[in-house]
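J.: Each chain, written out:
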Amino acid sequence: MSGAALLSVENAVVDLPTPRGNLRAVDHVDLAVGAGKTLGIVGESGCGKTMLSRAILQLLPKKAKLSGRVMFDGQDLPALPAEKLRRLRGRSLAVVFQDPMTSLNPVLTIGTQLTETMQEHLELDLGKARQRAIELLAAVGIPAPEQRLSQYPHQLSGGMRQRVAIAVALSCEPKLLIADEPTTALDVTIQAQILDLLAREQQRRHMAMIIITHDLGVVAGRTDEVAVMYAGRVVERAPTPSLFKQMRMPYTEALLAALPKLDAAPHTPLPAISGRPPDPTRPLKGCSFSPRCRYSAGRCGTEKPHLSAAEAPDHLYACFHPITAGADA
Amino acid sequence: MMLQAASDPLLKVENLVVEYSVGGKTIHAVSDVSLDIARGETLGLVGESGCGKSTLGRAVLQLRQAVSGKVLFDGHDLTALRGETLRQMRRRAQLIFQDPIASLNPRRRIGDIVAEPLVIAGVRDPEERRRRVNEVLSAVGLDPALVSGRLPHEFSGGQCQRICIARALVLNPEFVICDEPVSALDVSIRAQILNLLEEMKARYGLTLLFIAHDLAVVKAVSDRVAVMYLGRLCEVGPSEQLFARPAHPYTALLIEAIPVPDPDVRPTQSVPVGEPPSPIAPPSGCRFRTRCPRADARCAAEVPELRLVAPGQLAACHHSLI
Ligand SMILES: Nc1ncnc2c1ncn2[C@@H]1O[C@H](COP(=O)(O)OP(=O)(O)OP(=O)(O)O)[C@@H](O)[C@H]1O
Ligand SMILES: Nc1ncnc2c1ncn2[C@@H]1O[C@H](COP(=O)(O)OP(=O)(O)OP(=O)(O)O)[C@@H](O)[C@H]1O
Ligand code: SF4
Ligand code: SF4
Ligand SMILES: [Mg+2]
Ligand SMILES: [Mg+2]
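Which chain is which? The protein sequence lines are A and B, in order.
Using my numbering, the first residue of the first sequence is number 1, and each one after it goes up by one.
Using my numbering, the first residue of the second sequence is number 1001, and each one after it goes up by one.
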């Protein structure tokens, strides 16, 4: 972790009270993102990706309890007063959700949504804000942007709405953009366009970005670093090339192996991961992956492996029996 | 139109047209689609959201009436059958949906849900029904003693999909349409279900129409793949051949857009900006022309017909890549 990270999350824990008991959605997570860098967070449904991003944004459900530190741009976010946080989220900390309708207001025109944000946070007059809104819509690939200003979100296709949500998120030149499954609801061709768009704007603006997804394919070519989550924890974290070159954590390896490959012949059986993730209200004593792990042995069932670096300082993993180079896959 | 390699097709769709009428406007959901599926074959059907995949599947099973065209199942034209004859034919074909949880009645026990097709088919003996339900539940990897008495909400998405598969197989169908059976499932569970479908296919000698928008998933299970765009068939061919050498520009675009889990493969930036046009007023000529890098005047004037471009591979394009 470099000292000058734009965002650093230390020892974050998110607990949610549920009728079944306490649910630990995020379990002692450490992360850091440098200015202009892209971090990918991958993991199965329910592993805590969204709760982690909401913890960073200070947008957790009311009943949730967060402990640990979230430092952003030199500020301790959980300690900030609500009004300051709100201003920060409109400006330097932006978010795009999976469903664009979560970010967009259905009863306001696209133009109003864009200009209001800029008028408030950038103190632009209406004319200037309108001009910038048109530029932004053009930048995110929306044809005939002037006409779109007077349209409502429901009049656009899903892909177009996500472009508008991205335009709104970019409008105040954020330092960090969190994209929570920005393309999961979209078709492959549109998905590629939106990911290209995010990458282009990120580079142009030297903005930091966190891409949350369950698709290892999405993070492979588009991130500097990847964090793999399982049952609320980060179980492996490394620069993207090192991670794909040598996965150390059996879960990461299994996740990649289970993906159907384009270069495999039809009817090749897939190495599926048996079982499913543990019930988050019934935490396991040992490694959470142990019931599904084919390397599980010895203390795996009784002790929690900690996230640590063994040989390379930037490649962290939480496993007692990491996969070693040259071992059979 | 002479089509496809299947010498002994179990299913033959001829010039099928399906439309919806919404607020006085016509949605051209499936336009003049013809295809065959051989006995024991898996045909994959891919295409973007809204291109008409589910509509085609539903029209094949007569769950949606076609405007015109034929659906020949084992030689019988289903579009011409009515009443009991149709019901008997339909028992030989089943459908598995995308959303496993929503397609199970939340108030009924798993044992009853899986037995329901048997009841409808008139299997009166409860002992016989129980035997067949237990057999099919075991086949999909569930313990009948543990699951039969429970309700759907007690199961995960992957388990619910297993239950749906069991329900589809309990009548011993010959043909199953899987409509996005794994799209709602997690990567790790997805592989389990895909393997299960392959196993069931071998065990019950099934013929499958496998609908999905994920090309890698489709390739993993299909012998041949058909690509649809805005209601029309663009291309169909043997899976490996089609992925290695697509003939239709749309197929090529789809393949290029797949995210590859390898950081050394830089994502291509060549995907054209643009989204599918409305199926209410599809473009004249080739429906893909508004997004096609090769489009010219002829593409706007003439509808391209499917023609043979390589052995077993057909494409509907005036300027095909092969
Ligand atoms: N509002 C809530 N109240 C209680 N529990 C919740 C709430 N939202 C999420 N959870 C639980 O918290 C855990 C983490 O959920 P989270 O939404 O962060 O997962 P995720 O990794 O984003 O999954 P997905 O890929 O499905 O979006 C899950 O067990 C989930 O059921
Ligand atoms: N019941 C309906 N009434 C009116 N229009 C419909 C109906 N069902 C589907 N359509 C329209 O018909 C077209 C084809 O829809 P269909 O559901 O067959 O597509 P699909 O390829 O299965 O898409 P998806 O991948 O999203 O499931 C779309 O334009 C859709 O909006
Ligand atoms: S700690 Fe043990 S159970 Fe957990 S991933 Fe490593 S080998 Fe598997
Ligand atoms: S017919 Fe023309 S527009 Fe259609 S796919 Fe071929 S080249 Fe493109
Ligand atoms: Mg989420
Ligand atoms: Mg569908």
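Hints were generated in silico from the structure; no laboratory data involved.
Among the hints, a few may not be true.
[As the list claims (entries may be wrong)] Reference excerpt, derived from the structure (chain A facing chain B, CB under 8 Å, subset only): (1) Ser45; (2) Ala64; (3) Leu66; (4) Leu259; (5) Leu262.
[What the hints assert, rightly or not] Now the stretches of chain A that chain B is said to cover, found in silico as 3 or more residues with beta-carbon under 8 Å: (6) 153-164; (7) 210-218; (8) 269-277.
[Said to hold, decoys possible] FRET-style restraints, in silico, Cβ to Cβ: (9) Ala1202/B <-> His206/A: 26 to 34 Å; (10) Ala1281/B <-> Glu123/A: 40 to 48 Å; (11) Glu146/A <-> Leu1321/B: 55 to 63 Å; (12) Gly1024/B <-> Pro283/A: 55 to 63 Å; (13) Ala1281/B <-> Pro61/A: 39 to 47 Å; (14) Glu146/A <-> Glu1199/B: 35 to 43 Å.
These numbers come from a predicted model, not from an experiment.
Here a beta-carbon is modelled for each residue, glycine too, at the ideal position from N, C-alpha and C.
J.: State for each hint whether it applies.
T.: Evaluated hints:
no., hint, result
1, Ser45, "5 Å, holds"
2, Ala64, "23 Å, violated"
3, Leu66, "26 Å, violated"
4, Leu259, "6 Å, holds"
5, Leu262, "5 Å, holds"
6, 153-164, "holds (count 4)"
7, 210-218, "holds (count 5)"
8, 269-277, "holds (count 7)"
9, Ala1202/B <-> His206/A: 26 to 34 Å, "54 Å, violated"
10, Ala1281/B <-> Glu123/A: 40 to 48 Å, "44 Å, holds"
11, Glu146/A <-> Leu1321/B: 55 to 63 Å, "37 Å, violated"
12, Gly1024/B <-> Pro283/A: 55 to 63 Å, "57 Å, holds"
13, Ala1281/B <-> Pro61/A: 39 to 47 Å, "44 Å, holds"
14, Glu146/A <-> Glu1199/B: 35 to 43 Å, "56 Å, violated"
In this structure, the earlier hints numbered 2, 3, 9, 11 and 14 are contradicted, and the remaining ones agree with it.
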